[in-house]
Structures are given as C-alpha cells and as structure tokens.
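Protein sequences, first through last, are from chains Y and X. Counting from 1 along the first sequence, just add 2 to a position and that's the residue number in the numbering used here. Counting from 1 along the second sequence, just add 27 to a position and that's the residue number in the numbering used here.
Watch out, some of these pointers could steer you wrong.
Only part of the chain Y face toward chain X is listed, based on derived beta-carbon distances under 7 Å [what the hints assert, rightly or not]:
no.	residue
1	F47
2	S50
3	E58
4	R71
5	F108
With a cut-off of at most 20 Å between alpha-carbon atoms, the simulated PhoX-like pairs for lysine-lysine come out as follows [claimed, not checked]:
no.	chain 1	residue 1	chain 2	residue 2
6	Y	K44	X	K84
7	X	K84	X	K98
8	Y	K44	X	K69
To list a few chain X residues with every Cβ distance to chain Y over 12 Å, as calculated [claimed, not checked]:
no.	residue
9	A76
10	S96
11	S101
12	A118
13	L122
14	G129
Note that these hints are calculated values from the structure, not bench results. Built from N, CA and C at the ideal position, the CB exists for glycine as well.
These are the residues of each chain, in order.
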Amino acid sequence: EPEVTQTPSHQVTQMGQEVILRCVPISNHLYFYWYRQILGQKVEFLVSFYNNEISEKSEIFDDQFSVERPDGSNFTLKIRSTKLEDSAMYFCASSDIGSGKNIQYFGAGTRLSVL
Amino acid sequence: QQQVKQSPQSLIVQKGGISIINCAYENTAFDYFPWYQQFPGKGPALLIAIRPDVSEKKEGRFTISFNKSAKQFSLHIMDSQPGDSATYFCAARGLGRQLTFGSGTQLTVLP
Chain Y
3 EPEVTQTPSH QVTQMGQEVI LRCVPISNHL YFYWYRQILG QKVEFLVSFY NNEISEKSEI
63 FDDQFSVERP DGSNFTLKIR STKLEDSAMY FCASSDIGSG KNIQYFGAGT RLSVL
Chain X
28 QQQVKQSPQS LIVQKGGISI INCAYENTAF DYFPWYQQFP GKGPALLIAI RPDVSEKKEG
88 RFTISFNKSA KQFSLHIMDS QPGDSATYFC AARGLGRQLT FGSGTQLTVL P
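Taking the hints into account, I'd like the entire structure generated from these sequences.
What follows is the structure, encoded as structure tokens:
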C-alpha cells in the first residue's frame, strides 16, 4: 500500500537554528499538508499546498515557516529560527484530487526537539 | 467557530463492550467528518468518515452516527478488542480541505 514517508524520524536542534523536515507524498497525490502535534495535544493544521503554492495556512504558520516542493517527489517544511515551543511531532499528509473523498494519508511524523 | 470538541478524554472498556466517542462542531461549512486512529509513534490513520447528508455509516465494527441539526457526531466501536486500544481523533474538513481535529480520546480495551 502506498504511504507517505517522512524523514528524519527524530530531529534535535538548538534554539535559533534552521531545520528542514522532509516528506515524500504518495506519488499520484496533488494536495499536500503539514500538521503538528504538541505532546499530549491535538493535531493542528499548519498549511496546505496545491499546484506549487500555498492554498491555506493557519495562524501558527507565521513567517518563520515555509514550504517547498523542490522536485517532483519531495515536500519540505522549513522552520527558519526554531523556538522551544516548536518542539512537536510534525506530520505530513497528502490527498488526491479525484473521487471527492479527499482522504488525507499521514506519514509517521518527525519528532522535532528544540533545546 | 473552527473548533471541534471531543469527549471523553479517556475511555476504558472491557473486551467485547461498546466504545462511544462524541464530537461536536460549530462551523456549518464543514463538509466531511473523518475519524482517525493513532497508535503510539505512528501518524493518524483514517478509520471511517461520513458526509453531513448521511445520518449513519457503518464499516465492520465501526459506526459513525451524525446529527446535522445538533452539529454532533459520534464513533461507536462494537465488540471492542484490546487491539483497538489507541487514540481516536474526530476531525472536520473545512472549505480549504484542511482538517480541524478534536482533542483526542485515549481508548483502553481491557482483555
């Protein structure tokens, strides 16, 4: 079964450093998303991406965040200058455009620890 | 307006029992209501979903009941099994396709 792949599984960084979280969505999907989950809390939407541009973003997704699809397979989330409160599990998801079901498939996540 | 409220926070059920998790929403623009199951260390996985023009959907032991007028929906797990022990999230899809998640319910099914 096709799956969303995220790397690394765990990223440790110092406060103020830049991090890039990587995702390989399911190959025929056209919508891509990033969500985050602070430990013990609910999953929160960050941003959606379609046709090489951001289609929606939440208030969490401020100027410190950016997304990119650098090639035909990868989808990345960059945090420019990490803060302690950025520590969370970051999930990438993708969905297709057909069938109308918009099932979002999630990757296993990247645990970001900011020290 | 964008919130999805989920209860209970945790639930303990005996094997073979019925697990019921409830969610409520306010935004009438939500048009799709999935339930996700999450095991420790894994991403959320779609379990079952419903559209607001349907009052009930059943897939195996899992049933969603949807009350559009009350803006509430619930997940029923029949014949609960220890393997069902996980965190369950309800969600609602907005116009932009993003999902708004509930706060999650940690289900424990005792053997």
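Results of checking the hints against the structure:
no., hint, verdict
1, F47, "holds (4 Å)"
2, S50, "holds (5 Å)"
3, E58, "holds (4 Å)"
4, R71, "violated (17 Å)"
5, F108, "holds (4 Å)"
6, Y:K44 / X:K84, "violated (24 Å)"
7, X:K84 / X:K98, "holds (16 Å)"
8, Y:K44 / X:K69, "holds (14 Å)"
9, A76, "violated (7 Å)"
10, S96, "holds (24 Å)"
11, S101, "holds (17 Å)"
12, A118, "violated (8 Å)"
13, L122, "violated (9 Å)"
14, G129, "violated (6 Å)"
Figure legend: structure checked against the earlier numbered hints; hints not met, in rising order: 4, 6, 9, 12, 13, 14.
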